Amino acid sequence: MTTPDKDALGEALRNDLLALADSKLVLANWYTTCVHNGRSLPDFAALLGMATATFGHTRALYLYLVNLGCDYDGLERRAQPAAFCSMNLLDRPPEDWEDFIATVYLAELAMWTFASGFLGHPDRPLAGLIRKIGEESYFHLKYCQGWQSIFTETGNRRYGAALAARLPAALAWFRAQEDDLLQAAGQRDLPLSTLCQSYRAEVLNSLGGASAGDGPPASLDGWDPQRRRAGTMPQRLFEIIRLKDPGAVLR
Amino acid sequence: MESRQAVSHKERPAAPVGGAADHEIALQVRVKSGYKLESETEMTARYRDVLVQTMLIAADLELSTITMYYTPLLMAPTLETKMAVASAMQDELGHAQVMYRMLEDFGYNTNQLIFERDPTEFRTFYLTQHEIKDYIQCVVYMLLGDRAGYTTTRDLEEACSFGPYARSLRKVNFEEKFHVAHGERWTRFYWNHSAETRQRVQEAIDFVFPNAVMWFGTPDHMKKRVDQLTYKIRGQSNDELRQRWLAEVVPFCESVGIRVPAHFEPALGRYVLDYQVPILLDEETGKWSDTPCTWEAQFAQWKKGGPTKVSGFQRLQEDHWGADLW
Amino acid sequence: MKPKHIGRAELGGPATKFYEVFARATSEDVLAHVGSIEAPNDDLAQVRAWYVYDQLPWKEMCVVPTEAFISVTERGARGKIREM
Ligand SMILES: [Fe+2]
Ligand SMILES: [Fe+2]
Chain L
1 MTTPDKDALG
11 EALRNDLLAL
21 ADSKLVLANW
31 YTTCVHNGRS
41 LPDFAALLGM
51 ATATFGHTRA
61 LYLYLVNLGC
71 DYDGLERRAQ
81 PAAFCSMNLL
91 DRPPEDWEDF
101 IATVYLAELA
111 MWTFASGFLG
121 HPDRPLAGLI
131 RKIGEESYFH
141 LKYCQGWQSI
151 FTETGNRRYG
161 AALAARLPAA
171 LAWFRAQEDD
181 LLQAAGQRDL
191 PLSTLCQSYR
201 AEVLNSLGGA
211 SAGDGPPASL
221 DGWDPQRRRA
231 GTMPQRLFEI
241 IRLKDPGAVL
251 R
Chain D
1001 MESRQAVSHK
1011 ERPAAPVGGA
1021 ADHEIALQVR
1031 VKSGYKLESE
1041 TEMTARYRDV
1051 LVQTMLIAAD
1061 LELSTITMYY
1071 TPLLMAPTLE
1081 TKMAVASAMQ
1091 DELGHAQVMY
1101 RMLEDFGYNT
1111 NQLIFERDPT
1121 EFRTFYLTQH
1131 EIKDYIQCVV
1141 YMLLGDRAGY
1151 TTTRDLEEAC
1161 SFGPYARSLR
1171 KVNFEEKFHV
1181 AHGERWTRFY
1191 WNHSAETRQR
1201 VQEAIDFVFP
1211 NAVMWFGTPD
1221 HMKKRVDQLT
1231 YKIRGQSNDE
1241 LRQRWLAEVV
1251 PFCESVGIRV
1261 PAHFEPALGR
1271 YVLDYQVPIL
1281 LDEETGKWSD
1291 TPCTWEAQFA
1301 QWKKGGPTKV
1311 SGFQRLQEDH
1321 WGADLW
Chain W
2001 MKPKHIGRAE
2011 LGGPATKFYE
2021 VFARATSEDV
2031 LAHVGSIEAP
2041 NDDLAQVRAW
2051 YVYDQLPWKE
2061 MCVVPTEAFI
2071 SVTERGARGK
2081 IREM
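Residue numbers (this note's numbering), protein chains in the order written: chain L, 1 to 251; chain D, 1001 to 1326; chain W, 2001 to 2084.
No lab work stands behind these hints, which were simulated from the structure alone. Just so you know, not all the hints are guaranteed correct.
[Unchecked claim] The calculated BS3-like cross-link candidates involving lysine-lysine, where the alpha carbons are at most 30 Å apart (straight line), are:
#1 K244/L with K1177/D
#2 K1303/D with K1133/D
#3 K1303/D with K2017/W
#4 K1036/D with K1224/D
#5 K1177/D with K2059/W
#6 K1304/D with K1036/D
#7 K6/L with K2059/W
#8 K244/L with K1224/D
#9 K132/L with K1303/D
#10 K1224/D with K1133/D
#11 K2017/W with K142/L
#12 K1133/D with K1223/D
#13 K244/L with K1303/D
#14 K2059/W with K142/L
#15 K1303/D with K1224/D
#16 K1133/D with K1032/D
Because the structure is a prediction, the values reported are computed rather than measured.
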């Protein structure tokens, strides 16, 4: 076994955390963009609360990335969609409430599963940050579970279909390089492939085994392992997530 | 939770002997002396009606913030400011929840009120019927508008003779205090930040101030219905609340250097406006007229309502998905 | 348009339920009633309570179905739980 060099490790960690942070940024925008579609008054408050928390995760991860040589303002105000590393799963807008819950569930669970790999990270501040993210994600996942129960009780087939259609893109996000450098170096608790398997099992389990499977894997065309995505973020999505009004920046 | 007081009240003779007028007067005297009602069974029909109408408007006003603060949420310049706006909106929707929940005890259904009521039947004030354009205008709205709301809800918490409502406002006011403080902090920041942001602050103040003045309604001498005060649903009159608001915002703005059209008049011992009400807003230009209009014209503008008066509530009853989103 | 009778649509059953919310911020505080929330199931009740009644960073929070309350002082009446 060769010892991975320090630069390569640093870059691998930076890439993974940025992919997580950017995906959270897009997810937070899903919550804000869909808030009016909430099904009840307390849903409005819950969606805004989850948006606040998720923007907070992005911000905390960007701040952590400063330790790894990134510039915070530079990260926040990236001006090109190609510079973002968000998961493909969140590219396409939700088609209805069922698709919204299915996608949010897949995204929240994928991000938490992925992040949980750093719970034992040797840098304690990072491990602590991940633990905090987990405490908040617990409520986001519970929210999805609450809705899942309703879909299950009412025999809502649309939900299962939406979940199955979105799952391949979610699984693709876990794709690892030939070998998982971070895991080999003791920075990730479990190999990504293991995390991906447990993710898939949990998702299928949430469907009560009713699913026929998760469809064909997402295409590898244009896959960029550094950014954990294929292709560039859609321009219209970029218009939503990019920060505006530079004249009012607080510094 | 229910106290022994409620029990002993129940054990008293059910109702005073006499006609409806005696009932009303007896209740007015009781609440004036500080008595707090705990349940609907203690209310006269008139008291109940005034209370319910007050709570309905307050609930609709809280709900209207989901529209008001939405554009600033999209326009916020940093992640930190996005979080601040989202979190304030979350609070406001929580306030709406508290208030509509209270109305459930009076036979209303929250889902019906929000999702099935004709959007033209929601009742809000002209101040909340405009889209806030960006984050700088947003913090000025928090400074003046949330402060106006906070003035009203503090009075309700301090004075309202319906105990459950007064108590429920503790949470509301606890959070409003933070919105106002956030508005003050960032208004001051942008005032001192650059010539450009200073100008944006002043423009926002010029737009919001006259509207926030009228949040408190017509001057006392014009007010025909005073049931809210008679039954101590509220403690202070329109003009008293307006004074309380002016006494808080004018010194703050003066300390920062912001120009506001009001000042303290030592000879009168109170704050006075530097213009004569009522004035009309030109919704095209966003400018207030320099000359007063008639009250009829003012009422007509309020009746017609601002641009988001109906559309905001309508949006909550619709579903927008797919290509409508991005 | 959203589905009509949205409160029922979210449940797909007869009705949503009310839950009473209790919380304390520190271990010195008593567990106090902080509000009430409507939800179609226990999971959503917990999440909605968490986001609506978030005025303090609670150390402990729980929800109880309103129907479980029995009033001791108001004999014969259903418990009347309201905001503290
Ligand atoms: Fe509020
Ligand atoms: Fe507020």
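Would you mind confirming whether the straight-line C-alpha gap from K132/L to K1303/D stays at or under 30 Å? 49 Å, violated
Given pair status - K1133/D, K1303/D, alpha carbons within 30 Å: 23 Å, holds
Is the straight-line distance between the alpha-carbon of K6/L and that of K2059/W 30 Å or less? 41 Å, violated
Within 30 Å, alpha carbon to alpha carbon, are K244/L and K1303/D? Roughly 35 Å between the alpha carbons, so the hint for K244/L and K1303/D is violated.
Agreement of K2017/W and K142/L with the hint, judged by alpha carbon distance not exceeding 30 Å: 18 Å, holds
Check the hint pairing K1303/D with K2017/W against an upper bound of 30 Å on the C-alpha distance. 37 Å, violated
Given the hinted pair K1303/D and K1224/D, is their alpha-carbon gap at most 30 Å? Since the Cα atoms of K1303/D and K1224/D sit roughly 18 Å apart, the hinted pair holds (cutoff 30 Å).
Holds or violated: K2059/W to K142/L, with C-alpha atoms at most 30 Å apart: 18 Å, holds
Please verify whether K1133/D and K1223/D have alpha carbons no more than 30 Å apart. Roughly 33 Å separates the two Cα atoms, so the pair is violated.
Is the hinted pair K1177/D and K2059/W satisfied, with a Cα-Cα distance of at most 30 Å? Satisfied, since the Cα-Cα distance of roughly 23 Å is no more than 30 Å.
Please verify whether K244/L and K1177/D have alpha carbons no more than 30 Å apart. 28 Å, holds
Does K1032/D sit within 30 Å of K1133/D, going by the straight-line distance between their CA atoms? Outside the cut-off at roughly 44 Å; violated.
Checked against the numbered hints given earlier, the structure breaks hints 3, 6, 7, 8, 9, 10, 12, 13 and 16 and satisfies all the rest.
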